[in-house]
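Q: Sequence order for the protein chains is A and B.
Under the numbering used here, the residues of the first sequence are numbered 1 to 156, in order.
Under the numbering used here, the residues of the second sequence are numbered 1001 to 1216, in order.
Honestly, I wouldn't trust all of these hints.
[Said to hold, decoys possible] Cut-off 30 Å, straight-line C-alpha distance, at most; resulting in silico cross-link-like pairs (DSSO-like, lysine-lysine):
#: 1; chain 1: B; residue 1: Lys1188; chain 2: A; residue 2: Lys43
#: 2; chain 1: B; residue 1: Lys1086; chain 2: B; residue 2: Lys1103
#: 3; chain 1: B; residue 1: Lys1032; chain 2: B; residue 2: Lys1086
#: 4; chain 1: B; residue 1: Lys1078; chain 2: B; residue 2: Lys1032
#: 5; chain 1: B; residue 1: Lys1158; chain 2: B; residue 2: Lys1103
#: 6; chain 1: A; residue 1: Lys31; chain 2: A; residue 2: Lys18
#: 7; chain 1: A; residue 1: Lys31; chain 2: B; residue 2: Lys1032
#: 8; chain 1: B; residue 1: Lys1170; chain 2: A; residue 2: Lys31
#: 9; chain 1: B; residue 1: Lys1188; chain 2: B; residue 2: Lys1087
#: 10; chain 1: B; residue 1: Lys1158; chain 2: A; residue 2: Lys43
#: 11; chain 1: A; residue 1: Lys18; chain 2: B; residue 2: Lys1170
#: 12; chain 1: A; residue 1: Lys43; chain 2: B; residue 2: Lys1078
#: 13; chain 1: A; residue 1: Lys31; chain 2: B; residue 2: Lys1078
#: 14; chain 1: A; residue 1: Lys43; chain 2: B; residue 2: Lys1086
#: 15; chain 1: B; residue 1: Lys1203; chain 2: B; residue 2: Lys1158
#: 16; chain 1: B; residue 1: Lys1083; chain 2: B; residue 2: Lys1188
#: 17; chain 1: A; residue 1: Lys43; chain 2: B; residue 2: Lys1203
#: 18; chain 1: A; residue 1: Lys31; chain 2: B; residue 2: Lys1083
#: 19; chain 1: B; residue 1: Lys1087; chain 2: B; residue 2: Lys1158
#: 20; chain 1: B; residue 1: Lys1170; chain 2: B; residue 2: Lys1078
Simulated from the structure, these hints should not be mistaken for laboratory data.
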Amino acid sequence: MDGELDGAESAAVQSHLKDCPSCRQEFQSLKASLEIVEDNLPKLPLRGRVWHEIHSEIQGDLGIRAPAPSPSAPAPRWPYRWIPVTAVAGLGMYLVLAPFWGSSEHEPDVVQRFNSFIESRQISSQAATISADDPAWDENPFRENLELDSNPFSVE
Amino acid sequence: MSEDSKGLRPRKKSWKTDISGQQLEVLVDRAKNGDVQAFQDLYSVFGERIFNYIYRLCGSREDAEDLTQDTFIQAFRKLGTLKENKKIQSWLYRIAQNNVYQKFRSKRPQTESLDQDDAQELSEAQNRTTPRKNPEESALAEELEELIEEVIQSLPDKYRQVFVLAAIHKMSYQEISQIVNRSLASVKSDIHRARVVVRDQIKEYLGENYGMSHPL
């Protein structure tokens, strides 16, 4: 029935079936049911999205495309693993050394520009200052902390 | 009722492919070396049959698709452990079967009724391979198909797996024995018992029409 018997065995079975009506009937009956099953069960088509998922996963395995991050994801290969380490080390060095770079050469110029800026701010803030005689002065909650005659940013 | 009206004319649907054993072994070798195209070719050869096998075991299209996906991903990752390339088919079926039984270890898979889209797709697939002449014939064939599905799903697990492999996938007893990891004698005996159960139920449904279209 399944083609499992070799030539001699098959011949022996055929010979028996020829002479034995009950075995022949049983054989025919089983064979018919198998054909009915085979003929009436459709092959279910496989949708394309299945391969798409498989493909995406194996591409990730091969490192062709970055896989979704997962706890079991392998560490990136050299030199990529050194990129964040180098960046952090560089930043640290900059923060430590920056105050010493070019401190003497440009200082007078920077101080001068800073003072000019403060002067200009002082003039404009004085113009906006409220006089102590002004009634609005009493409403200022910070008045006790202010000394109108001394400006902490003034330049001698 | 005529034999035609039962839609019982033999319509051979084979899982055989055009690829030779040698070509298959070359593909496996290439896939083992990470050749994705070769693995895709293997999927083209075995994907649908593995999917249909899983579907017959679990009865749910969604689960069958997920498990087919798992089977092939697992196969790609473990392909290097396959010693004999020519055994790729049995190896894939075995992975598929293990996945099914791992997923449903604690409970027997429940057969889901197909939704409308699936039912239509199935019907179209059936019509492509087995064109029918009229609505009556089509309705009767669908009824018979449903009955066969039910009969297969009602078989005990160990009968169902060997019956599907032998009767639908046309595997040799030796291959089935490797896939289900049971002795050849046990496989032969279970296939016979399963056949008798299936035959009795189909015979009961078809009554006196049984066997008319399939003379020896």
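Q: For which of the previously enumerated hints does the structure constitute a violation, in increasing order of number?
A: 7, 13 and 18
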